[in-house]
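*Asks:* Okay, here's what each chain looks like letter by letter:
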Amino acid sequence: MASGKMEEAVMRPVTLIRNEEISPRVHLISWRREDDFLPGQVVKLALGEGETPRIYSLCSGNREEEMAVLFNVREEGSLTPRMAALRPGDRLYVSAPYGTFLGDEAPAWWIASGTGIAPFYSMFRSGLGSHHLLVHGVRYLNQFYFGEELQREMGSRYVRCCSREGDGEVFQGRLTAWLQQQASFPSGTRYYLCGNPLMVVEARDILIAGGVPWGDIVAEIYF
Amino acid sequence: MKEMLFGKTLSGLREITGAAGWPAYTARQIADWLYAKGAGSFGEMTNLSLKVREALAEKYVLGIFPPAKVQTSADGTRKYLFGTASGKFIETAMIPEGDRITVCVSSQVGCKMGCLFCMTGKQGFQGQLTAGEIVNQIRSIEEAGRVSNIVYMGMGEPFDNLEEVLTSLEILTAPWGYAMSPRRITVSTIGIIPAMKTFLEKSEAHLAVSLHTPYDEERRQLMPVQVAYPIAQVVDEIRKWDFSHQRRVSFEYIMFRDFNDTPRHVRELTRLLNGLSCRINLIRFHPIPGTPLLGSHEETITSFRESLNNKGILTTVRASRGQDIYAACGLLSTRELLKKE
Numbered sequence: 047m048a049s050g051k052m053e054e055a056v057m058r059p060v061t062l063i064r065n066e067e068i069s070p071r072v073h074l075i076s077w078r079r080e081d082d083f084l085p086g087q088v089v090k091l092a093l094g095e096g097e098t099p100r101i102y103s104l105c106s107g108n109r110e111e112e113m114a115v116l117f118n119v120r121e122e123g124s125l126t127p128r129m130a131a132l133r134p135g136d137r138l139y140v141s142a143p144y145g146t147f148l149g150d151e152a153p154a155w156w157i158a159s160g161t162g163i164a165p166f167y168s169m170f171r172s173g174l175g176s177h178h179l180l181v182h183g184v185r186y187l188n189q190f191y192f193g194e195e196l197q198r199e200m201g202s203r204y205v206r207c208c209s210r211e212g213d214g215e216v217f218q219g220r221l222t223a224w225l226q227q228q229a230s231f232p233s234g235t236r237y238y239l240c241g242n243p244l245m246v247v248e249a250r251d252i253l254i255a256g257g258v259p260w261g262d263i264v265a266e267i268y269f
Numbered sequence: 006m007k008e009m010l011f012g013k014t015l016s017g018l019r020e021i022t023g024a025a026g027w028p029a030y031t032a033r034q035i036a037d038w039l040y041a042k043g044a045g046s047f048g049e050m051t052n053l054s055l056k057v058r059e060a061l062a063e064k065y066v067l068g069i070f071p072p073a074k075v076q077t078s079a080d081g082t083r084k085y086l087f088g089t090a091s092g093k094f095i096e097t098a099m100i101p102e103g104d105r106i107t108v109c110v111s112s113q114v115g116c117k118m119g120c121l122f123c124m125t126g127k128q129g130f131q132g133q134l135t136a137g138e139i140v141n142q143i144r145s146i147e148e149a150g151r152v153s154n155i156v157y158m159g160m161g162e163p164f165d166n167l168e169e170v171l172t173s174l175e176i177l178t179a180p181w182g183y184a185m186s187p188r189r190i191t192v193s194t195i196g197i198i199p200a201m202k203t204f205l206e207k208s209e210a211h212l213a214v215s216l217h218t219p220y221d222e223e224r225r226q227l228m229p230v231q232v233a234y235p236i237a238q239v240v241d242e243i244r245k246w247d248f249s250h251q252r253r254v255s256f257e258y259i260m261f262r263d264f265n266d267t268p269r270h271v272r273e274l275t276r277l278l279n280g281l282s283c284r285i286n287l288i289r290f291h292p293i294p295g296t297p298l299l300g301s302h303e304e305t306i307t308s309f310r311e312s313l314n315n316k317g318i319l320t321t322v323r324a325s326r327g328q329d330i331y332a333a334c335g336l337l338s339t340r341e342l343l344k345k346e
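Which chain is which? The protein sequence lines are H and X, in order. Throughout the first sequence, residue numbering follows the working numbering, covering 47 to 269 in sequence. Throughout the second sequence, residue numbering follows the working numbering, covering 6 to 346 in sequence.
Next up, chain H with everything else stripped away, as it sits in the complex (with noise of 0.2 Å):
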């Protein structure tokens, strides 16, 4: 069984199955799952052997047969443009899955924004979401990845923050914004935040402002 601990990075070879660009400048890139994991958890994903490696949050479901990251290729990065450009069949370095940002089946809020929506996603797909609030922030409306699959199965439990585009259906707004407006927050419900820095500080703020106990917030950073 996946520990929440941290075992030593041992980088093991794996063979690409898919990579695909869901998304302008974001690709999500798969291999045959050869470890049990947690929702949530992350691997150290690194292209060449010795590389130091990047982390990235597991986007797929823990039963399902390949394991899959979701990332933004970054122009003047050194290891995304690489990344996208990789084939299936090419080999990559990842480590054994590991982390403590574990969803389970208590009421929660995942609050993401950008590929910050990667590790509810997995939980999502590992059976999770029944008492659940999924609060997506993004740009544009191309960027609500999963969006279709994540409507369909959770309906009014599934929000959508759009900030520089709306088409009606949308909250057009930043994510923050969207929670300012809220009356009250639920108590007895955990608090998920996961994505760009900026956002989860704000985020916990507003939450934190709005009488959510600051021990019920859970975050993970995107850095």
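Keep in mind that a hint or two might mislead.
Here are some chain X residues pointing at chain H (derived, C-beta under 8 Å) [said to hold, decoys possible]:
hint : residue
1    : Gly129
2    : Asp165
3    : Val232
Quick caveat, the hints were computed from the structure, so don't treat them as lab data. Ideal Cβ positions, reconstructed from N, Cα and C, are used throughout, including at glycine.
Mind docking chain X on chain H? Use the hints.
*Replies:* This is chain X only, laid out in the frame that chain H set:
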């Protein structure tokens, strides 16, 4: 936009002089003017030929910036505010204590780490500082030339800007640079393990790690980085290195009332750090706007320190300095940022 010369290493300067076809010793002369002699203009570099000085001025700016603002505390602590090229602000603190002058430098504009207790994190991340911008915080303050100790504990996470931080350390410690002993420099991190390993390999400066609680669950509430780099793993990595001689590792521990200041925490800290040659610095918490955290009572801090010392872990309480001028990092620059907006 012209490139900045200040912040280049000797090998970087050699590339420039080599490409220009200048004599090999010119790089050393330029380094000497930039760092040891503290030249304020190309014109001052009088042992360079006029042709070389003109060529440098054509392609480069010196890259030295005075502080935009200075505040002095009643206790002598100074807070310097430096503007960056992008119109943001970074902070540098100068803390005098007897014969010592310690300068606390920033390594980033803002920070990505999102720690619950930190004001800098509320600005978000706005950019990396170059090695030149880091060293300029020591070069361009009133106390330049008299600085005895440097701590990388200002704005930002140094190990999230490792390359520039290592370059700045090279400039500060190299014989062609400021020739400071690395034992007078401490770099503080929240524990980004891969970068910490590289730092320990490539630098001899002291290491400080923000610990704040030995418990995983509690540390996740305070510091999101715990999810990626758990403190137990950070300590495991540190155990692989020799800190029993001149190089030191210390753990920073901000005291939060009724959260991380109990006998239970003393026991767990003792277990976590068992056998490690280290010290703990306890830090009083001065609440920032909007924080749900409170600082521990003075008597709790004292008893916490004594308990840890009795368990064999050298523990000190850091003196609070410059409270009247917002010396805690992030407060002053956030105020300037808000004013600007």
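*Asks:* Against each hint, give a clear statement of whether it holds in the structure.
*Replies:* Each hint tested on the structure:
Satisfaction of the interface hint for Gly129 (chain X) is found here, the shortest Cβ-Cβ separation to chain H being roughly 3 Å, below the 8 Å cut-off. The criterion of a C-beta within 8 Å of any C-beta in chain H is met by Asp165 (chain X), whose closest approach is roughly 6 Å, and the hint holds. Hint status for Val232 (chain X) relative to chain H: holds, with the closest Cβ pair at about 5 Å, below 8 Å.
Going through the hint list in order, the structure satisfies each hint without exception.
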